[in-house]
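> Take the first sequence: its letter number 216 is residue 216 in the numbering used here, and every next letter is one higher.
Honestly, the hints are just simulated from the structure, not real lab data.
Ideal Cβ positions, reconstructed from N, Cα and C, are used throughout, including at glycine.
One thing to keep in mind: the hints can contain errors.
[Unchecked claim] Here are the simulated distance ranges between beta carbons:
id	residue 1	residue 2	range
1	ASP118	GLY21	36 to 46 Å
2	LEU75	SER121	15 to 25 Å
3	ASN34	SER127	28 to 38 Å
4	HIS136	LEU226	18 to 28 Å
5	LEU226	ARG116	10 to 20 Å
6	ARG8	LEU133	23 to 33 Å
[As the list claims (entries may be wrong)] Once the Cα atoms are required to be at most 30 Å apart in a straight line, the calculated DSS-like pairs of lysine-lysine come out as:
id	residue 1	residue 2
7	LYS103	LYS122
8	LYS212	LYS13
9	LYS122	LYS100
10	LYS218	LYS208
11	LYS123	LYS78
12	LYS100	LYS67
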Amino acid sequence: MASQRVERRCGGKGVGSVLTGFYERLYSAFGPQNWWPGDGRFEVMVGAILTQNTAWTNVEKAIANLKGAGVLTPLGLKRVSMERLAELIRPAGYFNIKAKRLKAFVGYLFREHKGRIDGLSKKDTESLRRALLDIHGIGPETADSILLYALERPVFVIDAYTKRVLVRHGLVSERAGYDELRGLFMDNLPPDVGLFNEYHALFVRVGKEYCKTKPICKGCPLEEFL
DNA sequence: GACCAGGCACATC
DNA sequence: GATGTGCATGGT
1 MASQRVERRC GGKGVGSVLT GFYERLYSAF GPQNWWPGDG RFEVMVGAIL TQNTAWTNVE
61 KAIANLKGAG VLTPLGLKRV SMERLAELIR PAGYFNIKAK RLKAFVGYLF REHKGRIDGL
121 SKKDTESLRR ALLDIHGIGP ETADSILLYA LERPVFVIDA YTKRVLVRHG LVSERAGYDE
181 LRGLFMDNLP PDVGLFNEYH ALFVRVGKEY CKTKPICKGC PLEEFL
């Protein structure tokens, strides 16, 4: 279990205080990241699907295309043809796959909630998460991104950078899975939307700048924790 | 011209 | 249940 590993490594300081220490160090180094860079809840949800394994700059082009075509609404995405949709989101990569995923998402939205985002807000977080995971093309990270950044639910988003940084610091095993990492944060930090929002974004920031496959630890804000 | 990016589903063992 | 592979564009 991840938290036991953290306890061992941190000499009984407590998992929560270690994770809080990471956060404070990152926040003072980088400041607020102002995520999610999107205009409205639906756009954030679409962005969460489009950014799967893809650089955000490419997603921005795809979103601009969808906006330009006037289809960046539940009804717009429902009505546009698969072929046209794929063409519009081409810059985001995996465009055929992601066109199907967007269709599956709005399909769910209309089937269960009459195409209205408000419908989602009525559900409790756990059943909403299960519903999202049942949609083809929405996995744990995308579901949690939608929950946190679009619907403001206090769930922690894990991504490749988060794991890389934690592994680098010996806090989790290379073999740790998504739910284990997610639980590490959610079991040891207060369920605060603002905190989870910034923390995930800060992991991406420090990961991009210092913890790619070949880490650059000199000058990293987390260097003192190594 | 490699290598990588804010994953996921599916096949195979 | 774990491990491997296809999906694709655009920036460094």
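> Would you mind marking each hint as holding or not holding in the structure?
Hints, verified against the model:
1. ASP118 / GLY21: 36 to 46 Å: At roughly 39 Å between Cβ atoms, GLY21 and ASP118 fall inside 36 to 46 Å, so the hint holds.
2. LEU75 / SER121: 15 to 25 Å: Holds - the Cβ-Cβ distance for LEU75 and SER121, about 19 Å, lies within 15 to 25 Å.
3. ASN34 / SER127: 28 to 38 Å: At roughly 30 Å between Cβ atoms, SER127 and ASN34 fall inside 28 to 38 Å, so the hint holds.
4. HIS136 / LEU226: 18 to 28 Å: violated, 41 Å
5. LEU226 / ARG116: 10 to 20 Å: violated, 48 Å
6. ARG8 / LEU133: 23 to 33 Å: With a Cβ separation near 32 Å, ARG8 and LEU133 satisfy 23 to 33 Å, so the hint holds.
7. LYS103 / LYS122: Distance ~22 Å between LYS103 and LYS122 Cα, so the pair holds.
8. LYS212 / LYS13: Between LYS212 and LYS13 the Cα gap is close to 28 Å, so the pair holds against 30 Å.
9. LYS122 / LYS100: Measuring from Cα to Cα gives roughly 26 Å; hence the hint holds.
10. LYS218 / LYS208: holds, 14 Å
11. LYS123 / LYS78: holds, 23 Å
12. LYS100 / LYS67: Between LYS100 and LYS67 the Cα gap is close to 18 Å, so the pair holds against 30 Å.
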